[in-house]
Amino acid sequence: CNVLRNELDVAAAQSLVEAVKDKSISLCGIQPDQTEAYFRYSYLQPPDAILLASDLSKAGVSASLTSLALNYNYLRDEGVASICDAIQSNKQMKLASLDFRGNKITAVGAKSIAAMLAVMTLLAKVKLADNEIGGYYDSTQRKFIHTPDGPKAIVDALGVSTSLTSLNVSNNNLNGCGDAFGEALKTNSSLKELKMFQCSLDHSDGKALAKGLADGNASLTNLELSNNTLCGLVEVTTAAEAGMADVEGCVLGTYSAEGVAAIAKALEVTPSLTSLDVQNNHLKEEDKAVIRRAVNKDDFNLKM
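Residue numbering for the sequence shown is 1 to 304, as defined by the numbering used here.
It cannot be assumed that every hint is accurate.
Calculated lysine-lysine pairs in the DSSO-like style (CA-CA distance at most 30 Å, straight line) [to be verified]: (1) LYS186 <-> LYS297; (2) LYS91 <-> LYS104; (3) LYS265 <-> LYS303; (4) LYS91 <-> LYS125; (5) LYS91 <-> LYS21.
Hints listed in this document are in silico derivations from the structure and should not be mistaken for laboratory results.
Bear in mind the structure is a predicted one, so any value in this text is a computation, not a measurement.
Turn these sequences into a full structure, and let the hints steer you where they fit.
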């Protein structure tokens with residue numbers, strides 16, 4: 001049966017879970033031989049996550065699952081925690097791909113995901129884009145609140161994971177987290193794809209990531225760093241962003257080529273890398289030329 005999206009409260013969801021506690025009965029329509037489950041854009045709430053957790057914790061219901069898509073719902077931290085705990089508890093779980101994009105996940109939920117990542121030996125592809133792992137905007141204080149413990153938890157898990165091959169943390173504010181991700185790249189030997197599109201990464205983050213690549217990473221093939229501030233410049237698209245109506249549509253900041261130069265040097269000593277995206281970082285033409293010379297591969301996928 002499938003009782004998702006019935007606007008149940010937590011107590012009602014828990015009662016249903018208790019009723020099928022010792023039975024291989026699905027509450028979310030998952031079949032025992034099903035390998036892929038898609039619940040994207042389904043308006044799922046934290047009580048729905050309780051129902052999903054029941055299914056995911058039972059080998060008789062979800063042991064065949066290899067791919068789970070929960071992107072763009074309203075699971076939030078509590079829902080994500082329930083799902084991650086259930087996945088960990090199912091010793092027969094074969095999950096290889098998990099999509100948590102767009103679920104209002106903060107640093108709290110990131111810690112639940114990290115705990116799962118650290119112990120899941122088959123999980124290869126994880127999407128965490130479009131969340132609030134690195135911080136959130138507080139409308140009351142009218143300022144952005146950084147939460148570095150969220151990215152740190154993910155990075156710590158990345159440092160010990162031996163199965164993860166693709167990680168997407170795009171559109172999370174990860175400004176200042178380059179050092180942590182760079183250190184993880186030094187030790188991780190499984191990751192092939194890292195997507196950090198629109199993460200507010202600046203030139204210091206670029207230098208740190210480059211150092212991680214140059215100092216021992218031999219697995220990464222695809223690195224996406226588009227729509228950041230790798231050169232120290234940020235485009236103000238609305239007056240509200242700028243706080244000043246007269247600078248709308250302008251580019252603010254001080255240009256620095258340090259991050260780009262470091263990335264170029266890393267390219268020279270990282271033979272595994274075959275794809276790099278640094279579009280929309282306001283690179284000067286001379287710095288683009290430096291990167292092109294560093295690539296020196298006919299089949300390299302370079303986007304600038």
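Review point. Straight-line Cα separation of LYS265 and LYS303 no greater than 30 Å?
Key: 17 Å, holds
Check your understanding: If you draw a straight line from the CA of LYS91 to the CA of LYS21, is it 30 Å or shorter?
Key -> 17 Å, holds
Check your understanding: Given the hinted pair LYS91 and LYS104, is their alpha-carbon gap at most 30 Å?
Key -> 28 Å, holds
Review point. Does LYS297 lie within 30 Å of LYS186 when you go C-alpha to C-alpha?
Key: This hinted pair holds, its Cα atoms lying about 23 Å apart.
Check your understanding: Between LYS91 and LYS125, is the straight-line Cα distance small enough, at 30 Å or below?
Key -> 19 Å, holds
The structure shown violates none of the earlier numbered hints.
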